[in-house]
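Undergrad: Each chain, written out:
Number of protein chains: 2
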Amino acid sequence: MKKTPPRAAFQGEMGAFSQEALRRFLGDGAVAVPCQRFEEVFLKLKNKQVSAAVIPIENTLAGSVHENYDHLVTYEFPIVAETSVRIVHNLIVPPGVAFRDVRRVFSHPVALNQCLQFFVKNPQVEKVPFYDTAGSVKTILEEGLKDAAGIASSIAAEIYGGKILKRSIEDDRQNFTRFFLLRPQDWKTKSPLPAPKGWKTSLVFTVRNIPGTLFRALSAFALRDINMAKIESRPLRGKPWEYLFYLDFMGHIDDERTRNALGHLRELADFLRVLGCYPRGD
Amino acid sequence: MKKTPPRAAFQGEMGAFSQEALRRFLGDGAVAVPCQRFEEVFLKLKNKQVSAAVIPIENTLAGSVHENYDHLVTYEFPIVAETSVRIVHNLIVPPGVAFRDVRRVFSHPVALNQCLQFFVKNPQVEKVPFYDTAGSVKTILEEGLKDAAGIASSIAAEIYGGKILKRSIEDDRQNFTRFFLLRPQDWKTKSPLPAPKGWKTSLVFTVRNIPGTLFRALSAFALRDINMAKIESRPLRGKPWEYLFYLDFMGHIDDERTRNALGHLRELADFLRVLGCYPRGD
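Same order as they appear, the protein sequences are chains A and B. Residue numbering for the first sequence is 314 to 595, as defined by the numbering used here. Residue numbering for the second sequence is 314 to 595, as defined by the numbering used here.
Check before you lean on any hint, since a few could be wrong.
Claimed, not checked - Pairs of lysine to aspartate or glutamate residues, derived as EDC-like cross-links and limited to a Cα-Cα distance of at most 20 angstroms, are as follows:
hint : chain 1 : residue 1 : chain 2 : residue 2
1    : B       : K543      : A       : D499
2    : B       : K552      : A       : D485
3    : B       : K503      : B       : D595
4    : A       : K501      : A       : E389
5    : A       : K552      : B       : D383
6    : A       : K510      : B       : E456
7    : A       : K543      : B       : D567
8    : A       : K543      : B       : D583
9    : A       : K357      : A       : D485
10   : B       : K459      : B       : E439
11   : B       : K543      : A       : E555
The set of hints was computed from the structure by calculation and includes no laboratory data. Since this is a predicted model, take the numbers as computed values, not measurements.
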């Protein structure tokens with residue numbers, strides 16, 4: 314019996330960096346389903362139009378994608394894997410266009426801002442903000458623009474038949490985006506996942522708004538030598554100046570140490586939910 | 314000798330919510346200097362075109378304004394006051410326009426999204442995303458649109474001569490934005506500031522990326538019963554997956570307890586800077 318390839322939703326046009334993460338998670342055979350908005354990605358998974366979703370959660374230059382933190386709490390899909398993709402911005406043109414022809418460069422404002430040195434060195438080209446990185450390549454190729462380039466991933470060049478004129482024009486190479494793979498609540502893996510670098514667990518909690526409670530909550534981990542990888546706060550709706558805390562730490566949910574830490578945290582937290590336990594990525 | 318009124322920069326058009334914060338900080342006499350971007354606000358203060366700046370730092374629904382956290386570290390202007398403004402969205406039209414005439418409502422996408430119940434109850438009106446709340450009122454008044462309204466503050470109605478058709482159409486009344494007043498580095502107050510609710514201090518620090526360091530950093534405050542009001546993390550440039558932490562706590566920088574806590578934190582932190590010490594706001 315032939316296996317049906319998985320269908321996975323992501324935000325952006327075909328060729329977005331999320332699609333590179335999607336390939337790494339699910340292989341080349343997976344069907345990538347583009348969505349306009351992050352919430353649409355979650356809704357497609359909810360409505361069973363896809364069997365997986367890929368979302369960016371943080372970038373090493375821009376910070377966390379806070380909207381997705383909010384959706385993780387609302388939709389309750391478990392995180393089953395993480396990966397980080399180096400963001401490489403390429404200058405892409407329609408075939409036949411030479412660099413001397415390029416007068417306008419289209420891309421998402423964040424990408425344009427991450428390639429400022431290129432624009433300083435090439436004052437003859439104008440920055441044109443566009444709604445999407447891959448979408449800029451799609452558009453200049455579809456419209457056959459002879460004086461324009463897009464800034465996007467190499468996958469975008471491949472998909473739309475563009476030519477990469479200059480590779481890796483980003484200012485800062487320490488530019489990575491971390492992605493999560495989400496599955497439906499009832500999803501079960503047939504074989505245990507490989508975790509050569511160990512496991513990571515993500516959770517969200519609130520504590521009463523009294524002095525020292527966050528410190529005590531973190532003590533549940535620190536006193537057991539559990540290594541925290543990240544903490545993020547988000548406003549708590551309806552309770553001005555109170556916060557939800559998102560925590561990533563090293564360890565599997567079934568480790569005794571982790572179970573004890575979560576038991577300890579439960580004593581202190583008003584609300585606690587595990588968002589996922591997944592093999593640690595690169 | 315007549316005192317020159319202070320000039321203060323803020324982001325947005327005249328009538329933005331930042332201007333309401335500016336009035337509270339500096340009184341009706343202050344000259345409000347609108348800027349297009351947040352960085353322009355900091356640059357105007359740096360270039361001495363203004364003697365103060367007003368920036369939003371967090372909203373109880375949308376979360377922190379991360380860009381401004383980054384600018385606080387770059388520009389080093391001390392925070393000298395905080396206030397929080399309730400965000401009240403009003404439906405504003407040119408004089409003579411009645412509610413039955415309104416077919417289009419212009420505003421910033423965040424404001425439109427905070428008034429969804431109004432749009433559900435009034436399906437005859439279309440949402441039109443605009444670059445600014447107050448700017449939407451400015452435009453419909455300037456162009457004398459007869460079928461359009463803007464969503465903005467009551468100050469915007471006052472400034473541009475608009476009529477408030479419906480007050481407070483936001484879905485969630487727990488909608489507050491916290492603002493900071495910034496002054497030049499060499500600014501000194503002539504008389505001590507009143508602080509009926511006590512003092513607050515904001516700082517930023519980094520810790521070595523080894524297990525337990527954030528917990529130990531917070532212990533500097535928790536072990537001295539110093540109440541933390543907020544913690545926020547931001548990516549550290551050039552060091553993927555490491556973070557800057559922004560902390561607000563209750564206490565004056567000259568309190569013995571605070572001095573001891575900061576001394577303790579200095580032992581643990583790679584980098585530590587006090588961003589300001591200011592009377593606690595509402």
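Undergrad: Indicate, hint by hint, whether the structure satisfies it.
TA: Verification of the supplied hints:
This hinted pair does not check out: K543 of chain B and D499 of chain A have alpha carbons roughly 36 angstroms apart, beyond 20 angstroms. Between K552 of chain B and D485 of chain A, the direct Cα distance comes to roughly 11 angstroms. Compliance with the 20 angstroms bound is thereby established for this hinted pair. Straight-line distance between C-alpha atoms of K503 of chain B and D595 of chain B comes to about 23 angstroms, which puts the hinted pair past the 20 angstroms bound. A distance of roughly 15 angstroms separates the Cα atoms of K501 of chain A and E389 of chain A; the hinted pair therefore holds under the 20 angstroms criterion.
At most 20 angstroms may separate the alpha-carbon atoms for a hinted pair to count; K552 of chain A and D383 of chain B exceed this at roughly 26 angstroms. Distance check on the hinted pair: K510 of chain A and E456 of chain B sit about 62 angstroms apart at the alpha-carbon level, beyond 20 angstroms; violated. At roughly 32 angstroms between alpha-carbon atoms, K543 of chain A and D567 of chain B are farther apart than 20 angstroms, so this suggested pair is violated. Proximity of K543 of chain A to D583 of chain B is assessed by CA-CA distance (about 18 angstroms); at most 20 angstroms being required, the pair is judged to hold.
A C-alpha spacing of about 34 angstroms is found between K357 of chain A and D485 of chain A, which places the hinted pair above 20 angstroms, so the restraint is violated. For the hint linking K459 of chain B to E439 of chain B, the alpha-carbon distance of about 14 angstroms falls within 20 angstroms, and the restraint holds. Of the supplied pair hints, the one linking K543 of chain B and E555 of chain A holds, its CA atoms being roughly 8 angstroms apart against a limit of 20 angstroms.
In this structure, the earlier hints numbered 1, 3, 5, 6, 7 and 9 are contradicted, and the remaining ones agree with it.
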